[in-house]
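Heads up: the sequence lines are chains A and B, in that order.
Position one of the first sequence corresponds to residue 1 (this note's numbering), numbered consecutively onward.
Position one of the second sequence corresponds to residue 1 (this note's numbering), numbered consecutively onward.
Simulated from the structure, these hints should not be mistaken for lab results.
Just to be clear, a hint being listed does not mean it is correct.
Pairs involving identical chains hold if they fit within one copy or between any two copies, as the list cannot separate such chains.
[As the list claims (entries may be wrong)] Pairs of lysine to any residue residues, derived as SDA-like cross-links and limited to a Cα-Cα distance of at most 20 angstroms, are as follows:
| # | residue 1 | residue 2 |
| --- | --- | --- |
| 1 | Lys161 | Phe362 |
| 2 | Lys229 | Gly219 |
| 3 | Lys276 | Asp466 |
| 4 | Lys278 | His480 |
Number of protein chains: 2
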Amino acid sequence: MKNLIPALDWIQNYKKEYLTGDLTAGLTVGVMLIPQGMAYSMLAGLPPIYGLYASTIPLIIYALFGTSRQLAVGPVAMVALLISSGVGALATIGSNEFIALAILLALMVGVIQFAMGIFKLGFLVNFLSHPVIAGFTSAAAIIIGFSQLKHLLGFNIPRGKVHEIILNVIENFGSINVPTLLIGAGAIALLLIIKSINKKIPGPLLAVLFGIGAVYFLGLHEQGVKIVKDVPGGLDIFGIPSIDLTSVTSLIPVALTIAFIGFMESIAVAKAIQAKHKDYEVTANKELIGLGLANIIGSFFKAFPVTGGFSRTAVNDQAGARTGLSSIISAVLIIFTLLFLTEYFYFLPNAILAAIIMVAVFGLIDIKEAKHLLKNDRGDFYLFLITAIGTLTLGIESGILLGVVLSIALVIYKVSYPHVAVLGNVPGTDEFRNIRRFADLETYEDKLILRFDAQLYFANSNYFKDFVISSIHKNPRISHVILDARAVSSIDSSAIHMLHDLIIDLKNQNIALHIVEAIGPLRDKFKKNGITDLMGKEQFHLSIQHAVASIDNGELIDNPVYALQTN
Amino acid sequence: MKNLIPALDWIQNYKKEYLTGDLTAGLTVGVMLIPQGMAYSMLAGLPPIYGLYASTIPLIIYALFGTSRQLAVGPVAMVALLISSGVGALATIGSNEFIALAILLALMVGVIQFAMGIFKLGFLVNFLSHPVIAGFTSAAAIIIGFSQLKHLLGFNIPRGKVHEIILNVIENFGSINVPTLLIGAGAIALLLIIKSINKKIPGPLLAVLFGIGAVYFLGLHEQGVKIVKDVPGGLDIFGIPSIDLTSVTSLIPVALTIAFIGFMESIAVAKAIQAKHKDYEVTANKELIGLGLANIIGSFFKAFPVTGGFSRTAVNDQAGARTGLSSIISAVLIIFTLLFLTEYFYFLPNAILAAIIMVAVFGLIDIKEAKHLLKNDRGDFYLFLITAIGTLTLGIESGILLGVVLSIALVIYKVSYPHVAVLGNVPGTDEFRNIRRFADLETYEDKLILRFDAQLYFANSNYFKDFVISSIHKNPRISHVILDARAVSSIDSSAIHMLHDLIIDLKNQNIALHIVEAIGPLRDKFKKNGITDLMGKEQFHLSIQHAVASIDNGELIDNPVYALQTN
Chain A
1 MKNLIPALDW IQNYKKEYLT GDLTAGLTVG VMLIPQGMAY SMLAGLPPIY GLYASTIPLI
61 IYALFGTSRQ LAVGPVAMVA LLISSGVGAL ATIGSNEFIA LAILLALMVG VIQFAMGIFK
121 LGFLVNFLSH PVIAGFTSAA AIIIGFSQLK HLLGFNIPRG KVHEIILNVI ENFGSINVPT
181 LLIGAGAIAL LLIIKSINKK IPGPLLAVLF GIGAVYFLGL HEQGVKIVKD VPGGLDIFGI
241 PSIDLTSVTS LIPVALTIAF IGFMESIAVA KAIQAKHKDY EVTANKELIG LGLANIIGSF
301 FKAFPVTGGF SRTAVNDQAG ARTGLSSIIS AVLIIFTLLF LTEYFYFLPN AILAAIIMVA
361 VFGLIDIKEA KHLLKNDRGD FYLFLITAIG TLTLGIESGI LLGVVLSIAL VIYKVSYPHV
421 AVLGNVPGTD EFRNIRRFAD LETYEDKLIL RFDAQLYFAN SNYFKDFVIS SIHKNPRISH
481 VILDARAVSS IDSSAIHMLH DLIIDLKNQN IALHIVEAIG PLRDKFKKNG ITDLMGKEQF
541 HLSIQHAVAS IDNGELIDNP VYALQTN
Chain B
1 MKNLIPALDW IQNYKKEYLT GDLTAGLTVG VMLIPQGMAY SMLAGLPPIY GLYASTIPLI
61 IYALFGTSRQ LAVGPVAMVA LLISSGVGAL ATIGSNEFIA LAILLALMVG VIQFAMGIFK
121 LGFLVNFLSH PVIAGFTSAA AIIIGFSQLK HLLGFNIPRG KVHEIILNVI ENFGSINVPT
181 LLIGAGAIAL LLIIKSINKK IPGPLLAVLF GIGAVYFLGL HEQGVKIVKD VPGGLDIFGI
241 PSIDLTSVTS LIPVALTIAF IGFMESIAVA KAIQAKHKDY EVTANKELIG LGLANIIGSF
301 FKAFPVTGGF SRTAVNDQAG ARTGLSSIIS AVLIIFTLLF LTEYFYFLPN AILAAIIMVA
361 VFGLIDIKEA KHLLKNDRGD FYLFLITAIG TLTLGIESGI LLGVVLSIAL VIYKVSYPHV
421 AVLGNVPGTD EFRNIRRFAD LETYEDKLIL RFDAQLYFAN SNYFKDFVIS SIHKNPRISH
481 VILDARAVSS IDSSAIHMLH DLIIDLKNQN IALHIVEAIG PLRDKFKKNG ITDLMGKEQF
541 HLSIQHAVAS IDNGELIDNP VYALQTN
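Model the full structure from these sequences, guided by the hints.
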């Protein structure tokens, strides 16, 4: 039961002293969520109120089914950007059709994440490398920042690439609405100052109050400052997502992207926070199930796709959250807002929401990491740069696709060329070491001794064969190849095929293959697949020195260590 | 120079005794190529003559720029099937537009292969696992076989899935043209019998003669047996492929598929044959360049995509080919045929070409491998089965895509969960072994000793961290973690980040991380990235016993082996 509903664990063991922390943290995050939810909803291309909808039911569902106790689920900038670019290709931003598609998208993202969790596919997120993620995130932050310029400057700029937006601003410099710019710039300054003083002060809320006050008292909405106007309140939010096959088919790519990117952001912060708390564990597959359910059930309550956010989770933790109760309290605060407070947002200027978004995302531009990579890891630096430039110039979806392709190519490259060492004997001992790392090792004219530092499978079996064959080519006097298989933890059918062919090739050249230190499961595979019979039982040895001795004079050395081997 | 044109090597060192072999082999393969080229052209959806065009210039170009000396390049069944399904989606089979697209496709396949070779991306073919290839090939062979049924039965069957074809045949059983069936079945019997007697006898040529003779003397074409009729001869084959952006864009997926699949078939057989010959080397990237040039230049001479074929290469080698001259001789024989012999093919029945295709591909259905996997490697068997069933039911492109996705997922799975061993001391020795493989090892209450059997990088760094943290969770008395890094051949920036966070996490729990047996390049990375300073220099040890001794009593043991370490 606790396996299905992880929350039961903290509910049953709830301690009174948790309550203060959970209450403080829940209220703090809730207060952050009101402006952030509205801002990210605007970024996603939906009316602000949908950001509040997405901050209710999904939070409660995650609190029950998620494994992290501090993760603050809800609207986040990156996912909002992906919604806007993905759904924006299919419907007009802000239209009823757009809203319906965004909600359907939440359902699809949820189903994908849930299914990935059930089928234990959480490991798939491992394939995006850190530089690719950093490059993509930095570029996406720049794109998000520039997409908000129109709200900050107070005139319409069509959606487009970053350089197009810059050109547009230069050309239409005269169209800037000064009151809008002043209020936006003021809010940015306010947010930055508060951030530098104390991260627990709810800067966005103060910025919202500042903006509403300025418009209300100075009548700025009559001077061209755009305001959010009517925010429909109430809790009439239940509704079945409208599903049709055409929409589902066209949303699949963006749903997959959000399911992956959203989960990656979430699991990274969940694990970072969990490391500080010893009272629970976070597992990738259960997190997928928790986030998946939050999105699935959320989509029946008008929520667009959500995930665990970085900054709000950090605040939640620092404010003292100990259990999922904190998130439930945040959700209750949002529900309270929906019921009683929406009318007060009438005079809220869009520029304030844009300022909140900009300050939130510019922290994501990882210049420090870029500099560090440039100095310490040139290859990873180029990976960072290519992904970032690709995302900026090709767009957000092509950017992430480029990152995925680069990462997969890199994985395949890495696994295709595993580490192989040619070994030599340390004179006067039974030790064998890599001849490229140790000086004065003794090698043998007739023996090639190799250590293969990986499991043998389809991705690297060609390389292994090529390595053996080219080593023999270099030294035609070799008549024995000794493979130290201690690191070969497993072997698949492709590698068995390769080994079979290699043994026959070697035999035709009167070269014998010896295998030493093979573990039990490997020896079983060799037996089952006829490799043992093909090589001859006597070609398997306990250690390199056994193999060398038995080749040189048929003598076997007893080694007490191997008497202990169980499999 | 020899690097650019590998053929210069054999041209400069040509020995007189090679000539007999090259001549015999070249003529034998040429004689096979005439009927096979025409048959595969029909399979690809082009008039038979285009199979002869594809058997001229590409062979000569490959002989000059390829690295294998026995590889018989030309039309092959699998690529023909991919052309038919890929181009068939864009134009009517056999139309002029279809032909133009097939030739443009050759240019694109060539450019992709050439670019892959230049950028040294040959390793990318490693990611398709053996069971996936076997499953795909077996299914494709079944699809090819059934696609020829219409020629064998003598009535029109629309293209479709295998089960649709079977249903169609059952429904239209009465439409079977008996003379066509008899001549086709006779040819199949003839081919199988000849194959079982001696593989060097040119069965397809005899079948062609049998077919032409039967039609000519019995007047079967007047009884409904379809014949190829006019085969336009001559060498008027030069022409620039018609390139337009729309066609190029829509051909990209099939071009990528053929570039990959074609190369994989080719490199596999080239390497298998090379292993028997010691006088040259085959390298993947140079092969890509050679095949790429063959396709690029071929496309200016009306050739559709070609690659190295399995059966003809085997015949070429067995018949005594020593150098690329053999292929040039084959091409010359085809050119001679184009100039003088095409009129003799007038009475050749389509059923004969269908019989040649069927006999060639049914050998590719790998039931033996399926049985072997079922018995010895259940996981790989399912991979075989899923790819085969996917290809049969979803179609050829979706099938290969499924195989690619499965293979990549498998690679990521494998690299995400590398082998980690918890080590214990062999009592009375300095040796440390895996506690799961050796009995009665001594472990320490306060020390966790791990050996990580892979390089550390983004794909497995999460797993490493999770493993360390969950091991500590299980035993709260641990205050030292000793990492045996002997198999950690490299570390990337993602793993450096992980290690950095892990060390801080551990420090917060008063647990010290020790690293032993780290190689030079790894220690350099640690130093450059601040890991050394973070851990403290004294936490690096030469061996596990050094680490244990220094933890227990601050004492260091001298080990003569390590004095030899150079980097």
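Evaluation of the provided hints:
In this homomeric assembly, lysine 161 and phenylalanine 362 come within 20 angstroms of each other (Cα to Cα) only inside a single copy, at 17 angstroms, whereas the closest approach across copies is 53 angstroms. For the identical chains of this complex, lysine 229 and glycine 219 are intra-copy neighbours only, at 14 angstroms inside a copy versus 88 angstroms across copies, given an alpha-carbon limit of 20 angstroms. Taking the shortest Cα distances, lysine 276 and aspartate 466 sit within 20 angstroms of each other only across copies (14 angstroms), while inside one copy they are farther apart (47 angstroms). In this assembly of identical chains, the alpha carbons of lysine 278 and histidine 480 lie at most 20 angstroms apart only when taken from different copies (18 angstroms versus 53 angstroms within one copy).
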